[in-house]
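Read off the chains here:
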Amino acid sequence: RKEVEQDPGPFNVPEGATVAFNCTYSNSASQSFFWYRQDCRKEPKLLMSVYSSGNEDGRFTAQLNRASQYISLLIRDSKLSDSATYLCVVSPDNYGQNFVFGPGTRLSVLP
Amino acid sequence: GAVVSQHPSWVICKSGTSVKIECRSLDFQATTMFWYRQFPKQSLMLMATSNEGSKATYEQGVEKDKFLINHASLTLSTLTVTSAHPEDSSFYICSGQDLANYGYTFGSGTRLTVV
Chain P
1 RKEVEQDPGP FNVPEGATVA FNCTYSNSAS QSFFWYRQDC RKEPKLLMSV
51 YSSGNEDGRF TAQLNRASQY ISLLIRDSKL SDSATYLCVV SPDNYGQNFV
101 FGPGTRLSVL P
Chain G
1 GAVVSQHPSW VICKSGTSVK IECRSLDFQA TTMFWYRQFP KQSLMLMATS
51 NEGSKATYEQ GVEKDKFLIN HASLTLSTLT VTSAHPEDSS FYICSGQDLA
101 NYGYTFGSGT RLTVV
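The listed protein sequences derive, respectively, from chains P and G.
1 is the number of the first residue of the first sequence in our numbering; add one for each residue after it.
1 is the number of the first residue of the second sequence in our numbering; add one for each residue after it.
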């Protein structure tokens, strides 16, 4: 079983739609969780950290379920510019060392 | 914010030649630099971790004699792909960590094509 698993998609959604991605991780000792966004042929960029209590940043909401070992990302009111690959990232420590990247979920927002 | 400048952005080289990729942290000290490789439609895979002034730690399956990493200063780390072969064609990306805040900053990546 891979350490971090994601549905690769692609998810094709119309503008304005709400879309959610899940990510599961196998290491129960994982401490830090993140969502990164990667545009085609570009470097990953931090979208948001994921906290135990869940957190929201504008149209983006991230949640963590430690018991089930999954992380979710919800995007509301999708924009064309949200089209990208969303990477789930897990680390076993609080210092951000030893990042393990998921394979990413590709999102295409259509006009 | 923190910036890591990575060069070149892309390079095409002949099989058997060596290619050097540079990553510079512009406004912070990258005590640790991580080097990743990403094949098409796959996730980033950590190749090695380098700490300034010491030898890099390579992940299992990554040949240290083929992928030479130098991290001689707190602002510069290099990855040299020696005797490149077509199967080394990939997207290579570095990430510097600033221990002051444990933030990760990625370089913009280098797309290597070996022909």
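Please note that a few of the clues may not be correct.
Said to hold, decoys possible - Computed list of lysine-lysine pairs in DSS-like fashion (alpha-carbon distance at most 27 angstroms, straight line):
(1) P/2 with G/41
(2) G/20 with P/79
(3) G/20 with P/42
(4) G/14 with P/79
(5) P/42 with G/41
(6) G/20 with P/45
(7) P/2 with G/14
What the hints assert, rightly or not - On the chain P side, residues computed to face chain G include the following (Cβ under 10 angstroms):
(8) 4
(9) 8
(10) 11
(11) 17
(12) 21
(13) 80
(14) 83
(15) 87
(16) 98
(17) 102
(18) 103
(19) 106
(20) 109
These aren't lab readings, by the way, just hints derived from the structure by calculation.
In this text, a Cβ means the ideal position worked out from N, Cα and C, and glycines have one as well.
Hints, one by one, checked against the model:
Between residue 2 of chain P and residue 41 of chain G the CA atoms are separated by roughly 16 angstroms; this keeps the pair inside 27 angstroms, and the hint holds. Pair hint residue 20 of chain G plus residue 79 of chain P does not hold up; C-alpha atoms about 38 angstroms apart against a cutoff of 27 angstroms. For a cut-off of 27 angstroms, the pair hint linking residue 20 of chain G to residue 42 of chain P stands: about 19 angstroms separates their Cα positions. A distance of roughly 41 angstroms separates the Cα atoms of residue 14 of chain G and residue 79 of chain P; the hinted pair therefore is violated under the 27 angstroms criterion.
As the CA atoms of residue 42 of chain P and residue 41 of chain G are separated by approximately 13 angstroms, the hinted pair is consistent with the 27 angstroms bound. About 24 angstroms separates the Cα atoms of residue 20 of chain G and residue 45 of chain P, which keeps this hinted pair within 27 angstroms; it holds. Note on residue 2 of chain P and residue 14 of chain G: the hinted pairing is violated, with a Cα-Cα distance of about 34 angstroms set against a maximum of 27 angstroms. With 10 angstroms as the threshold, the beta carbon of residue 4 of chain P comes within range of chain G, its nearest partner Cβ sitting at about 8 angstroms, so the hint holds.
At a threshold of 10 angstroms, the smallest CB-CB gap from residue 8 of chain P to chain G is about 7 angstroms, leaving the interface hint in force. Annotation: interface hint on residue 11 of chain P violated; nearest CB of chain G at approximately 15 angstroms, more than 10 angstroms. At about 24 angstroms, the closest approach between the beta carbon of residue 17 of chain P and any beta carbon in chain G exceeds 10 angstroms, and the interface hint on this residue is violated. The criterion of a C-beta within 10 angstroms of any C-beta in chain G is not met by residue 21 of chain P, whose closest approach is roughly 14 angstroms, and the hint is violated.
Given hint, residue 80 of chain P at the interface with chain G, is violated; its Cβ is 22 angstroms from that chain's nearest Cβ, farther than 10 angstroms. Interface restraint check: residue 83 of chain P against chain G, minimum CB-CB distance 16 angstroms, threshold 10 angstroms, status violated. Proximity of residue 87 of chain P to chain G holds as hinted, the smallest CB-CB distance being about 7 angstroms (cut-off 10 angstroms). Here the hint on residue 98 of chain P is kept, as its CB sits about 8 angstroms from the closest CB of chain G, short of 10 angstroms.
Look at residue 102 of chain P: its Cβ gets to within about 6 angstroms of chain G, closer than 10 angstroms, so that hint holds up. Against a cut-off of 10 angstroms between C-beta atoms, the interface hint on residue 103 of chain P holds, since the closest Cβ of chain G lies about 4 angstroms away. With 10 angstroms as the threshold, the beta carbon of residue 106 of chain P comes within range of chain G, its nearest partner Cβ sitting at about 9 angstroms, so the hint holds. Against a cut-off of 10 angstroms between C-beta atoms, the interface hint on residue 109 of chain P is violated, since the closest Cβ of chain G lies about 19 angstroms away.
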